[in-house]
Amino acid sequence: MDTITEGFLQAFKLILHLNPDLIGIIVLSLKVSGLALLLATLIGIPLGGFLGLRRFPGHGLAVSSINTFMGLPPVVVGLFVYLLLSRRGPLGALGLLYTPSAMIIAQTILALPIVIALCRSAIVSVDPIIAQAARTLGATPRQVTTTIITEARYGILSAVIAAFGRVMAEVGSILIVGGNIAGYTRVMTTTIALETDKGNFELALALGIILLLISFGVNAALHLVQRKGALHAA
Amino acid sequence: MRLTLSHINKHYGGKEILRDCSYAFSDAGTYVLMGGNGCGKSTLLRIMALLEEPDSGTVAFLAGGKVLAPDPTIGERHLHEQHDKGSSLDAGRLLTPDLALRRRITLVLPRIGLFSTSVWKNVAYGLSLRGQKGVAADEKIARALAFVGLEKKRDQHALTLSSGESQRLGIARALALEPEILFLDEPTASIDEENTSIIESIIKTMKQEGRSMVIMTTHDRSQAERLADRLLLLTQGALQDVRQA
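Top line first, the protein sequences correspond to chains A and B. Just so you know, we're using my numbering here: the first sequence kicks off at 325 and counts up by one. Just so you know, we're using my numbering here: the second sequence kicks off at 79 and counts up by one.
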């Protein structure tokens, strides 16, 4: 019990004194997950839009596959990216293994199916009457598409927030491809795993508290967005 | 602008919906198309509003001595003008001839399909599609909202309006575009008596002010009698001119 109490006290001290190691790890975590989310958003929203707005041969299979990939185990993604980037892998020559770039690639792969699937879902849930109304008011096909995406904006934002929550809390893939190198690829989740293993609970607890706060912030934002969307759809 | 239908036929799943419908909508005023549920009124209206293709027959618009007609012989609709074939400029962009024609007419659907934004922005939507912004556009929006009695609700979220107000907003959204022909599909089908009366008076005022030719559908015989300059009946796919007021 004393260990836990002492651990929490030390953790709060680290947070309050803005410990440079702690700040460095938080900044790197936000940078890696933020860039992964940006990439997943830039690729995922157009793909989700395409799946939501167009029908093509194999459409059902594509939707089912994306929905399945939403539950990709992070360690499997880590293994896949490791094999791609390892010296003998097809992208080994790029020398990206054990770099933040490798972690960004792994997290992008994890976030992408979430963004695509939830965006598609948001777009298909827009009432088809909206497209008809847009056409009656003189919209071109492109303007109709823009209007549908605008109507789905709360759902799309929810998709992005949900993907951010997933990558921020993820440890398996970035541990494999990042290597947990201090000051270079060590992020919040991997530090928690390492420091717990070593019995250094102060830093682990401090990062755990920060991670919980971020997670709370993400969920609060998601709740607000969904509430606003529900209010407008009511 | 005048509108001529020639030998329009339409089938759905092997069932004949419209059979050899021909008519010339040539005078300003209100045309009311009557018929039972599922008789093809809405289909005919959508064909006239260029939102649906007939299986055969033509829809032609006449304006300024020119025939403007979508050409059914090519996949995508194109507009042929007798003397001036080509595209028109709208807010600096080239529009396909079909779109240019479609933007001179407007259909108000029975389910309005309001956008998830304010009342004002709903009315601004069609104008912004045409690149119309600024003071002139604001005046058109304000006029349209005042015309349907929604000027005090301009900042309210559109999805919080009652069904009658939503219907009026749908009409305002169309009126702001100053269409030469306004199509109204069952404008009072699902609203209360008070709003029905307001919408009927809006349609009457439009006629008095000579704003647009109005072509509307209804299944309410007494409403048709109250509003129609010309009453048309669609029975078993065929269009008949019942009376001139």
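Any given hint might turn out to be false.
[Claimed, not checked] Derived lysine to any residue pairs resembling SDA-like cross-links, with alpha carbons at most 20 Å apart:
1. Lys199/B - Arg477/A
2. Lys199/B - Ser539/A
3. Lys199/B - Tyr422/A
4. Lys199/B - Thr464/A
5. Lys552/A - Lys211/B
6. Lys199/B - Thr474/A
7. Lys552/A - His235/B
8. Lys199/B - Leu403/A
9. Lys199/B - Gly553/A
10. Lys211/B - Val450/A
11. Lys199/B - Ile328/A
12. Lys211/B - Arg477/A
13. Lys199/B - Gln456/A
14. Lys552/A - Lys199/B
15. Lys199/B - Val450/A
16. Lys199/B - Arg412/A
17. Lys552/A - Asp319/B
18. Lys552/A - Ser196/B
19. Lys552/A - Glu229/B
20. Lys199/B - Ile454/A
[What the hints assert, rightly or not] DEER-style ranges, computed between Cβ atoms:
21. Asn391/A - Leu129/B: 27 to 35 Å
22. His547/A - Ala141/B: 26 to 34 Å
23. Ser196/B - Asn524/A: 53 to 61 Å
Hints were generated in silico from the structure; no laboratory data involved. Just so we're clear, the structure is a prediction, and the values are computed from it rather than from any experiment. Yeah, the Cβ is synthetic: ideal placement off N, Cα and C, and Gly gets one too.
Status of the hints after comparison with the structure:
1. A distance of roughly 16 Å separates the Cα atoms of Lys199/B and Arg477/A; the hinted pair therefore holds under the 20 Å criterion.
2. Between Lys199/B and Ser539/A the CA atoms are separated by roughly 35 Å; this puts the pair beyond 20 Å, and the hint is violated.
3. Distance check on the hinted pair: Lys199/B and Tyr422/A sit about 51 Å apart at the alpha-carbon level, beyond 20 Å; violated.
4. Under the criterion of a C-alpha separation no larger than 20 Å, the hint pairing Lys199/B with Thr464/A is consistent with the structure, at around 18 Å.
5. With a C-alpha separation of about 28 Å, the suggested pair Lys552/A and Lys211/B falls outside the 20 Å cut-off, and the hint is violated.
6. This hinted pair checks out: Lys199/B and Thr474/A have alpha carbons roughly 13 Å apart, not beyond 20 Å.
7. Simply put, Lys552/A and His235/B have alpha-carbon atoms about 12 Å apart, close enough for the 20 Å limit, and the pair holds.
8. For the hint linking Lys199/B to Leu403/A, the alpha-carbon distance of about 50 Å lies beyond 20 Å, and the restraint is violated.
9. Straight-line distance between C-alpha atoms of Lys199/B and Gly553/A comes to about 17 Å, which keeps the hinted pair within the 20 Å bound.
10. Under the criterion of a C-alpha separation no larger than 20 Å, the hint pairing Lys211/B with Val450/A is inconsistent with the structure, at around 27 Å.
11. Restraint check for Lys199/B and Ile328/A: not satisfied, since their Cα atoms lie roughly 56 Å apart, outside the 20 Å limit.
12. About 23 Å separates the Cα atoms of Lys211/B and Arg477/A, which puts this hinted pair outside 20 Å; it is violated.
13. Of the supplied pair hints, the one linking Lys199/B and Gln456/A holds, its CA atoms being roughly 18 Å apart against a limit of 20 Å.
14. A C-alpha spacing of about 18 Å is found between Lys552/A and Lys199/B, which places the hinted pair at or below 20 Å, so the restraint holds.
15. Distance restraint check for Lys199/B and Val450/A: the Cα-Cα separation of roughly 18 Å lies within the 20 Å cut-off, and the hinted pair is therefore satisfied.
16. This hinted pair does not check out: Lys199/B and Arg412/A have alpha carbons roughly 57 Å apart, beyond 20 Å.
17. Only pairs whose Cα atoms come within 20 Å are accepted, and Lys552/A paired with Asp319/B is rejected, the gap being roughly 50 Å.
18. Between Lys552/A and Ser196/B the alpha-carbon distance is near 14 Å, which keeps this suggested pair within the 20 Å criterion.
19. A hinted pair counts as satisfied when its Cα atoms are at most 20 Å apart, and Lys552/A with Glu229/B does not qualify at roughly 25 Å.
20. A hinted pair counts as satisfied when its Cα atoms are at most 20 Å apart, and Lys199/B with Ile454/A qualifies at roughly 14 Å.
21. Evaluation of the 27 to 35 Å hint for Asn391/A and Leu129/B yields a pass: the beta carbon distance comes to about 34 Å.
22. A hinted range of 26 to 34 Å is violated for the C-beta pair His547/A and Ala141/B, which are about 54 Å apart.
23. For the pair Ser196/B and Asn524/A, the supplied restraint of 53 to 61 Å holds, since their beta-carbon distance comes to about 55 Å.
The structure does not agree with the numbered hints 2, 3, 5, 8, 10, 11, 12, 16, 17, 19 and 22 stated previously, though it agrees with the rest.
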